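Chemist: Okay, here's what each chain looks like letter by letter:
Protein chains: 2
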Amino acid sequence: MYLGSWLSRLSRGLSRPIGKTMRPIWASLSRNLALSSQRIPEFSSFVSRTNTCGELRSSHLGQEVTLCGWIQYRRQNTFLVLRDCHGLVQILIPQDESAASVRRILCEAPVESVVRVSGTVISRPPGQENPKMPTGEIEIKVKTAELLNACKKLPFEIKDFVKKTEALRLQYRYLDLRSFQMQYNLRLRSKMVMKMREYLCNLHGFVDIETPTLFKRTPGGAKEFLVPSREPGKFYSLPQSPQQFKQLLMVGGLDRYFQVARCYRDEGSRPDRQPEFTQIDIEMSFVDQTGIQRLVEGLLQYSWPDDKDPLLIPFPSMTFAEALATYGTDKPDTRFGMKIVDTSDVFRNTEMRFLRDALAKPQGTVKAMCVPQGAEVLPIFLNAKKNWSSPFAKFIMEEERLELTRLMEIQEEDMVLLTAGDHEKACSLLGKLRLECADLLELRGVVLRDPAVFSFLWVVDFPLFLAKEERPTELESAHHPFTAPHSSDMHLLYTEPEKVRGQHYDLVLNGNEIGGGSVRIHDAQLQRYILETLLKEDVKLLSHLLQALDHGAPPHGGIALGLDRLVCLVTGAPSIRDVIAFPKSYRGHDLMSNAPDSVSAEELKPYHIHVLWPTDSEEESVSATPSKHLSS
Amino acid sequence: MYLGSWLSRLSRGLSRPIGKTMRPIWASLSRNLALSSQRIPEFSSFVSRTNTCGELRSSHLGQEVTLCGWIQYRRQNTFLVLRDCHGLVQILIPQDESAASVRRILCEAPVESVVRVSGTVISRPPGQENPKMPTGEIEIKVKTAELLNACKKLPFEIKDFVKKTEALRLQYRYLDLRSFQMQYNLRLRSKMVMKMREYLCNLHGFVDIETPTLFKRTPGGAKEFLVPSREPGKFYSLPQSPQQFKQLLMVGGLDRYFQVARCYRDEGSRPDRQPEFTQIDIEMSFVDQTGIQRLVEGLLQYSWPDDKDPLLIPFPSMTFAEALATYGTDKPDTRFGMKIVDTSDVFRNTEMRFLRDALAKPQGTVKAMCVPQGAEVLPIFLNAKKNWSSPFAKFIMEEERLELTRLMEIQEEDMVLLTAGDHEKACSLLGKLRLECADLLELRGVVLRDPAVFSFLWVVDFPLFLAKEERPTELESAHHPFTAPHSSDMHLLYTEPEKVRGQHYDLVLNGNEIGGGSVRIHDAQLQRYILETLLKEDVKLLSHLLQALDHGAPPHGGIALGLDRLVCLVTGAPSIRDVIAFPKSYRGHDLMSNAPDSVSAEELKPYHIHVLWPTDSEEESVSATPSKHLSS
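Protein chains in written order, with this note's numbering: chain P, 1 to 632; chain G, 1 to 632.
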């Protein structure tokens, strides 16, 4: 919903975007966003206008006003619609000879030119009111007008803008930002963050502390951008999160820290990821898992936009094991059912070979998922309607059919998906199919995921360690090595570490992970054991943190919420790029300014680096860099 | 005023730091900082304590409390002083046999260990109250105690910590952060920024918008850190300010933008500069210079700490020319006089050769500055007391002496400094001497600069261009190339551009530049003329900005305030490192984690760079990088 279609819709006096959720119409944007504060901001302080375009109503009749804005639309050299960040107002172009210069300015300036007008707020003639436009009862009788900046011809027809690719929107981002949707998204984001700050600072005594982004490489920090320093061979690193700093702040007695933290992650090209992103970063001393969860629930409830239904807290909670078994994922979308059911017992005596083989293996299971009305719209597999149509139906015994129908409450028109194999893999597969089916059902008009519903869920009791994919006998942290083990699993650390659960918690919204955190290890000895003995990490890189834990570290824990993703879900935007003012493309490019860009050898000199062009042979690059210099 | 001396002072029940300004004592820290909000934050929500140590008073008598904190001090195994982020409280160690385990925990845990205690708030026995300690009327009769984390032996005696270098403080920053002073500085900073946000967002409708830090090299951006991308030869740049983005946001109709923006500047080693720093970044549409000035005055007044005298606004204003002529600098410290006086006319007929020679030249002047009581404490030059003692005194005619005395209101005991030469150089020299004299006078007990006085000053009407030092026939921007010329000087742009004044304004506090801004150029043609014709810049690098100005850019202007410096001056801290949680050393090192650090060749591979070690010959480096690849 961008400039073009928005312009055309506005010219009809209406501005209701097409997005999944209904939005307040243009002119009431800032008012609506402002109402959650005790006091409506003064939007015209310190500047040469007296009012914003969007705020004028019948209550302003007779007032002399000065407005500044963009020419949105002009009709028959009689009316002009002026737009500013608060909305639209109709300007009456004077027709009398004495106002020829005003008339010339308003009639000759191209659309999207910037003007200042002064005049009187008057009623529209009876019958000409526009009830769909918040300022539709009034218009401005202009006395003076000034062209502040003429808009030169745009490099494309404005009505084509919406049809063009996102690349064009990003290249001309300053035009895209004028759209209702981008204005709404960025203002809502600002407002939500402000409310979060009020909650944390003013209500709960948190301290907003900035931590460095020029840091050093963290162990395993392969996704960290490097920043060459002026010392040969020495690099800063742009960290993926302020994890170490927030823990050190707790050791430093800061007690309650938060930061709206810029973080960096170099993943190369990834759709819907950004090389720099923002998280609401929180850490507290003397807190347990429940404390952080209650804090975050209060935070989201307090900052939740007024134009949405209020959040109900506390949020439901589910163990990782349950999430996997029931939804086939660690981030279940709990807005709809279609849960996974273990049907192994139904098929203990089955004649179907692939099920029997699967069940014969250790961990072997048969999982099933029932898609309500799936047979109607997705006639592809086990169709309960047509007497169980499926290539496999004939192998299902009547007894099995009855038991399955009972267990899964299968109705006519439903579709059942069956899979056999290892528990985790079978669940994951059905978890993916569950979302695919939901997409397909919704394409066909079945409403499963109401865009007005925000379904939050805590997922807890994750395993602390995972077997490494490439070397399954070695362990790696499921989240990060600073997560504290469950106190009841502590004894397993020394015997069966793979069975230890961590005090980690994820916050999931509508099937998206929007936050994660943990109670941290505050005992240096335990931290050293996990790093050195279990994870085989080089503890030298973390010696400052281990030392800090030994010098009076309080018990502490925290969380980080992904702000871009959260605002994206709240606004219903199709991509996180729509809630970021100047995002990079999925290839990491700024299409407006053309970043990243070439840099001369001269400019690289102070940093003691040079470019290894891909045409250079591997040998050359290796021989040119003696290994003795490069050991870290 | 750090951990050591603070500990010893606290152990006497008193905590009044030595700094230039008086500080609230420990226990009332958070309360004081909180009072400016309508509501006192809940400092013990979501955690296992019921109260903070510092908040307990007689009004809590009889209450059962649970406290968490650090063991600050223990006396004769009878009393223990517990510290948390809010202050200190005395714990009575139980002496009866039944409480042996509690007694053991509290007596055996080393100082700086972390404990949780539960007990009852009781009155101190008559005569044992400590009126200097905010919690001095009460103590805690402990029932249970738990050792949460034992502090291992610190690598130095705690009392030595304060005597050690700043390097030691930075290496053990997490210990340094526990000091009263660092806690005060960081909490005051957080509170001031929060108030600024309230003023901007809630009172004046600003939108908090995050702009990218992975950007592209700006023209002349020699101080920008580079970030290699995964595309060979392509680099991001960490910008020195969001200048381009804030202007593009105005073109995008965001109207009122602000951001607490992280900025980067690679200046190599510079004392009291940081490679990353923070500015309060502001931009408005439809605003003039006065609008921005009034906004900033309101912003500072609103966010000014409650423990300081309220700010009087508007701030005084002075032209650049006046600042130079009167104070010899563009950032005058207006807390004291000692103004520079032009005494050229006094010496029109002088017999002193060096004055005559100077006056004979074009722009030649004789400048003088009177240092009150200077002769008493700085008997070095023209001493009015001893009948004008100076090697040059005999060359000063009686008539000149009388005129000088009258003009400069010279008293006995005063000292007069004379200098002759070009106006700008003479003023600059006396400007530097003025500050040197102030330092010397204050060392000798003369109070010139009251630390409780905050003297703000706007400096305006700067020249738009300066002659380049190395090539004086060429011009460069005095501030940046986006600054709008004074409307009354516009005609000079095409004839005598060096005479054009810019719509730039600096905000000065006690002789420090703490902010600067300007009304920007919103006309693409004017911007192109200045960039191309006057500054000879490559406009290709800014084509996106020039294009944006052509597509309906509103008139706009803004400012950036240096937050680190501002908070440093407000707290009276000796260095900006004392108002930053984890600063770099003056050489740009993180002494705690050892950043920047070495990185392996393997880790550099994805970025297509390699290190050019200083031992590699220049030739090798040049021949290895074909120039065709490096043109940007």
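Don't take each hint at face value.
Given that identical chains are not distinguished, each listed pair holds provided it fits within a single copy or across any two copies.
[Stated by the list, open to error] Straight-line alpha carbon distances no greater than 30 Å define the calculated DSSO-like cross-link-like pairs of lysine-lysine that follow:
(1) K223 - K605
(2) K425 - K331
(3) K308 - K499
(4) K339 - K308
(5) K153 - K540
(6) K540 - K152
(7) K339 - K361
(8) K195 - K308
(9) K432 - K468
(10) K605 - K536
(11) K468 - K605
(12) K499 - K141
(13) K468 - K195
(14) K536 - K152
(15) K536 - K153
(16) K540 - K164
(17) K153 - K425
(18) K425 - K195
(19) K141 - K308
(20) K331 - K164
Don't read these hints as lab results, they were simulated from the structure. Model, not experiment: these values are computed from the prediction.
Chemist: Indicate, hint by hint, whether the structure satisfies it.
Modeler: For each hint, the structure was consulted:
no. : hint        : in the structure
1   : K223 - K605 : both (25 Å within a copy, 13 Å between copies)
2   : K425 - K331 : within (16 Å within a copy, 68 Å between copies)
3   : K308 - K499 : neither (41 Å within a copy, 57 Å between copies)
4   : K339 - K308 : within (28 Å within a copy, 62 Å between copies)
5   : K153 - K540 : between (60 Å within a copy, 20 Å between copies)
6   : K540 - K152 : between (60 Å within a copy, 19 Å between copies)
7   : K339 - K361 : within (24 Å within a copy, 93 Å between copies)
8   : K195 - K308 : both (15 Å within a copy, 27 Å between copies)
9   : K432 - K468 : within (23 Å within a copy, 64 Å between copies)
10  : K605 - K536 : between (37 Å within a copy, 24 Å between copies)
11  : K468 - K605 : between (40 Å within a copy, 24 Å between copies)
12  : K499 - K141 : neither (76 Å within a copy, 43 Å between copies)
13  : K468 - K195 : neither (41 Å within a copy, 48 Å between copies)
14  : K536 - K152 : between (63 Å within a copy, 24 Å between copies)
15  : K536 - K153 : between (63 Å within a copy, 27 Å between copies)
16  : K540 - K164 : between (52 Å within a copy, 25 Å between copies)
17  : K153 - K425 : neither (57 Å within a copy, 50 Å between copies)
18  : K425 - K195 : neither (42 Å within a copy, 52 Å between copies)
19  : K141 - K308 : neither (38 Å within a copy, 50 Å between copies)
20  : K331 - K164 : neither (34 Å within a copy, 51 Å between copies)
The structure shown violates the earlier hints numbered 3, 12, 13, 17, 18, 19, 20.
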